[in-house]
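Input sequences plus hints: build the corresponding full structure.
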Amino acid sequence: MKLYPRQRHRVLQVITKLIIPFVMLFALYVQFHGDFGPGGGFQAGVIFASAFILHGLIFGLQHTRSVLTPTMLRVSMAVGVLLYLLTGVVSMLRGAEFLNYDVLLHDPIHGQHLGIFAVELGVGITVYAVIVSLFYGFASKR
Amino acid sequence: METLTIMVLLAFLVVIAVGIIVLRDLLAGVVLLGLYSLVAAGAFVVMDAVDVAFTEAAVGAGISTILFLGALSFTKHEQKPRGHDSVTALFFVAVTGALLIYGTLDMPHYGSDLSPAQTHPELTQHFLHKSDSEIGIPNVVTSVLASYRGYDTLGETVVVFTAGVAVLSLLGLRRRRPEEEAPEDAPGDLPTVPDDEAEHK
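Chains as they are written, first to last, in numbering that gives the first Met the number 0: chain A, 0 to 141; chain B, 0 to 200.
Please note that a few of the clues may not be correct.
Below are the SDA-like pairs computed for lysine to any residue, each with C-alpha atoms no more than 20 Å apart in a straight line [claimed, not checked]: (1) K129(B) / L113(A); (2) K129(B) / D101(A); (3) K129(B) / G36(A).
Keep in mind the hints are simulated off the structure, nothing from the lab.
Right under this line is the structure:
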């Protein structure tokens, strides 16, 4: 049987494969449960990025880059900020101030929920994309 | 009890900081920096600032450590012995430190009733009492962050975005890297052995 260099780290690889889904799930929990407990978009983005960084450390940057291409990262970075801005613009179009979520839905409370949800999602996407780009940038300069 | 816990944690911070300065081994320094953030996060938890603690643990102890390790893979693991005049350096560090400590003398004590949050209670009271009826979510930190101060958070997100753009333009991410110059390892990888050597295992 031919063993590739990376197959020497079998234990690490198997454990990593087991852990990564849970890291991502925890990030999503932190993202969408930030209204009720500690957490929010910023922390969730960092945790989500750490799943990809872990993958990159154990399986090599090449493999991670083929899963999550730099182009996707560049797009996600901008999408996060745009989602945030869009929420503000929509609330303006519906006749209130910029980023006043009261008017997003029929009921102010529901509007606030939707607004905070969208805004936190935007923060999370941007932070995750920037952190993974930082890692790519450092790791590919050798 | 709470004061004692904070005192112990802050003492740990000082010990770790001294350790970082004294140690010549950069790898140990990076690990200690991560530990520093973790202890700081512990102190924030004791002060009931769980959101801040969460961020400190995730960014300070997690991501920064990894980025430092990545930076460390460009250089040696041992700090160069210093040849220059350390007395002058000590003088400037002492003066700067004294100025910083002098600056903190004007700050209200921890939990003091003279802090701006206590002497101008209207805003604090509004956030704490009206958040539930106006925003309708239990975590006041999130409602202040995302709704009352939504414009602030937008600015922060743009700052993060700008940082990302700056890194992309400085370090660059080539879309497709030629196979022959592809790096074998990401920083932090364990050393690999060539293919033929691995075959014998």
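Right, here's what the structure says about each hint:
no.	hint	verdict
1	K129(B) / L113(A)	holds (18 Å)
2	K129(B) / D101(A)	holds (14 Å)
3	K129(B) / G36(A)	holds (18 Å)
The structure agrees with every numbered hint stated previously.
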